[in-house]
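Asks: Using the sequences and the hints, build the whole thing.
All the letters of the sequence shown, read from the start, carry residue numbers 0 to 506 under our numbering.
None of these hints come from the bench; they were simulated from the model.
Note that the structure is predicted; figures quoted are calculated from it, not measured.
Among the hints, a few may not be true.
To be verified - The calculated DSSO-like cross-link candidates involving lysine-lysine, where the alpha carbons are at most 30 Å apart (straight line), are:
no.: 1; residue 1: K496; residue 2: K76
no.: 2; residue 1: K225; residue 2: K267
no.: 3; residue 1: K76; residue 2: K118
no.: 4; residue 1: K312; residue 2: K478
no.: 5; residue 1: K414; residue 2: K379
no.: 6; residue 1: K379; residue 2: K312
no.: 7; residue 1: K77; residue 2: K414
no.: 8; residue 1: K267; residue 2: K501
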Amino acid sequence: MPPQRRRRGTPEEPPPGRRGRRPAKKGSKVKKALLWTSGTMAVLVLAVGVGGYLYLEHLNDNITSVSDDGASTGGFKKDQAINILLIGTDKRTGSGNEGYGDKGSAGHADTTILLHVSKDRSNATALSIPRDLIVDIPDCPTEQEDGSQKVIPGSTGARFNTSLGQSGRTPSCTMRTVTELTGITPDNFMVADFNAVKTLTSAVGGVEVCLAKDIDDPDSHLKLSKGTHTIEGEDALAFVRTRHSVGFGGDLSRIELQQQFLSSLMRKLKSNDTLTSPSKMIKLAEAGTEALTVDSQLDSIGKLKDLGLELGKLNVKNLTFATVPVIDNPAEPRPVTVVLQEGSAQQVFDMVKNDVSFTEVKQKEKKEKAAVAARLKGEKAPASEVRVRILNGGAPAGSAQETLSWLQVEQGVSKSENAGNAEEELGKTTLEYAPDQADQARRLAAIMGLSGAAMKPGESVTNAQGVPAMTLTLGKDFKGAGVPLTTPEKAPEDVKKSTADKVVCAK
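Replies: Right, here's the structure in full:
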């Protein structure tokens, strides 16, 4: 396992003067709630002067951090979409956990969720990655306990859960594996062990769950009758670990159960019962900072507070829980592992990568949306009349020439040319055109599979023959000549999903 260390972050500056404790006002920022307890507590203690300042220093000392080994984006940014990798391990740490998990396990990636929060904070997706999914684990440069670097060799056709704990792999290796799998680079990671479930649920006074049938699972030690129960501590841990007594008795059924549990926990964290209780807030701050291991970009209560403030802007009704679409591994006579479901899985990854909501959230004004869609409507010029210069603005090397050959040879766009590299890299491919080139732009958009958002009305440029032409700049999202770049607008029909505001009974 990684060389864990406790880092003391730079403490927050104490607010000037001492201020008395004020009751929270209805509709205040405090009541908007924060999903992460350290952020909640940081806001609360800042209001009580020096005492709060000293408590922040204490919370800083609670935080355990591990190097991200350069696998992250460098940390979340307030004006961008946020991707946090949440990892639950099966490591037997903490009192009373000797009977759980694999004996002697260094802590595998037993439960993994990629939490994506939209740029405008109107919605979020919590995407579960099955532990038994077959993936390629890349080579992982990893910081050792003595500060030296070691590259842990990757492996192909491995279970996802071995991206952590196996061969000395750290959470940064799980982060690299997620990037390899999804094309999404997480900003930060948080790791929780068995104790986190027990202490966090006890801190909020229990989490309400619903069962559609009686459960008596000797493996997880869960014994609950049909109906609604408020669980915490050992019972909560048993609930999220049970799998043989729900659904089809496998890990995918357990994932659904865990998503239901997390939805309930989110609702409890955002409830007035929690937010207006100073004792619960203090317990949450202690439990959150002690139970979680974070990456080196989140190693202070100040940074966690900032993340909490961003996450707290979200309404739970727009938080969607979904699972990476998978099928039984066809290479196994009696499948015990799963592989990606082609098509659906990539569609889900593209939606997350391109910040598309899984819920119907109004993110743009209708007029603006209609205007963008209208760019694709109207007459299209013949392919032979399309004049375009192709620039590489962040796509893999050789993409401009590859696209040029494809357009000329297979699509009949003979009046096209390779104009080299763009002056700057772009995240997304764009097609800039003048008003009188709109029919050419619509034809090229149809050929390339571009969305209306990729079409940028502007000015034409002069090509090598001195004739006006459009400019096609291939961005980092470019997948290859002939591969459409249109982002799905909704999740595939076969993707199971639920929102955090709904109460679901486990079957």
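Asks: Go through the numbered hints given earlier and state which of them the structure violates, listing their numbers in rising order.
Replies: 4, 6 and 7
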